[in-house]
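Chemist: Sequences listed follow chains A and B, in order. Under this note's numbering, the residues of the first sequence are numbered 1 to 114, in order. Under this note's numbering, the residues of the second sequence are numbered 115 to 227, in order.
Heads up, some of the hints might be wrong.
Lysine-lysine pairs mimicking BS3-like chemistry, simulated, CA-CA at most 27 Å apart [claimed, not checked]:
| # | chain 1 | residue 1 | chain 2 | residue 2 |
| --- | --- | --- | --- | --- |
| 1 | A | Lys57 | B | Lys158 |
| 2 | A | Lys63 | B | Lys176 |
| 3 | A | Lys109 | B | Lys158 |
| 4 | B | Lys141 | A | Lys59 |
| 5 | B | Lys165 | A | Lys106 |
| 6 | A | Lys59 | A | Lys106 |
| 7 | A | Lys42 | B | Lys158 |
| 8 | A | Lys42 | A | Lys68 |
| 9 | B | Lys158 | A | Lys68 |
| 10 | B | Lys141 | A | Lys57 |
If you are wondering where the hints come from, they were derived from the structure by calculation, not from laboratory data. All of these numbers come straight from a predicted model, not from anything done at the bench.
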Amino acid sequence: EDQVTQSPEALRLQEGESSSLNCSYTVSGLRGLFWYRQDPGKGPEFLFTLYSAGEEKEKERLKATLTKKESFLHITAPKPEDSATYLCAVQRFHTQGGSEKLVFGKGTKLTVNP
Amino acid sequence: NAGVMQNPRHLVRRRGQEARLRCSPMKGHSHVYWYRQLPEEGLKFMVYLQKENIIDESGMPKERFSAEFPKEGPSILRIQQVVRGDSAAYFCASSPGTGRPQHFGDGTRLSIL
């Protein structure tokens, strides 16, 4: 069974204090690993897709990396507006017509204090 | 901004009533997915549909739950004879094709009295 574990569950940072969020996964044949951001009362907002080990993607203060067992979301010099819950999800390879479902972790709740 | 549209945003039902949740995918997206988020839990997959077809319903309870995505109109998630345990946030996502990122709506918060 596919599994995604995110750590830490919650993280408090001071503005400008860089850190990383971890996503460990177990999946039989990874098609893609997805990072989302979710604000309270809202749906997940797509950030990145990573497809193969060694791949990196960047967007503003965020950088996502992927190995064969885990992914990291690095946050450089965060600002209060980066406060949100960050979700990681995996999608498995299937034969044509198979499921496209995402398996999510429980998320990391990030708070950035001014 | 033609994102994924879900309605209603909030729905209150009494035990035993029916709940109908609607989802209009992003323009050009033919794949629709429904997920449920319980308090303190992660998003859980329920069902994956393409126009007029259910592709994967492995995450949907066998009893009381059904989903459709007709040729015309929004996708509907229907819950019959609701119980307290059905209280949750239900999210719809859409994508343009296989392996492409799924984009989510802001969900329907279902409360059962």
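Chemist: With reference to the structure, classify each hint as holding or not holding.
Modeler: Verification of the hints:
no., hint, result
1, Lys57(A) - Lys158(B), "holds, 26 Å"
2, Lys63(A) - Lys176(B), "violated, 40 Å"
3, Lys109(A) - Lys158(B), "holds, 18 Å"
4, Lys141(B) - Lys59(A), "holds, 25 Å"
5, Lys165(B) - Lys106(A), "violated, 30 Å"
6, Lys59(A) - Lys106(A), "holds, 23 Å"
7, Lys42(A) - Lys158(B), "holds, 16 Å"
8, Lys42(A) - Lys68(A), "violated, 31 Å"
9, Lys158(B) - Lys68(A), "holds, 23 Å"
10, Lys141(B) - Lys57(A), "holds, 26 Å"
Violated hints, in rising order: 2, 5, 8; the structure is consistent with all others.
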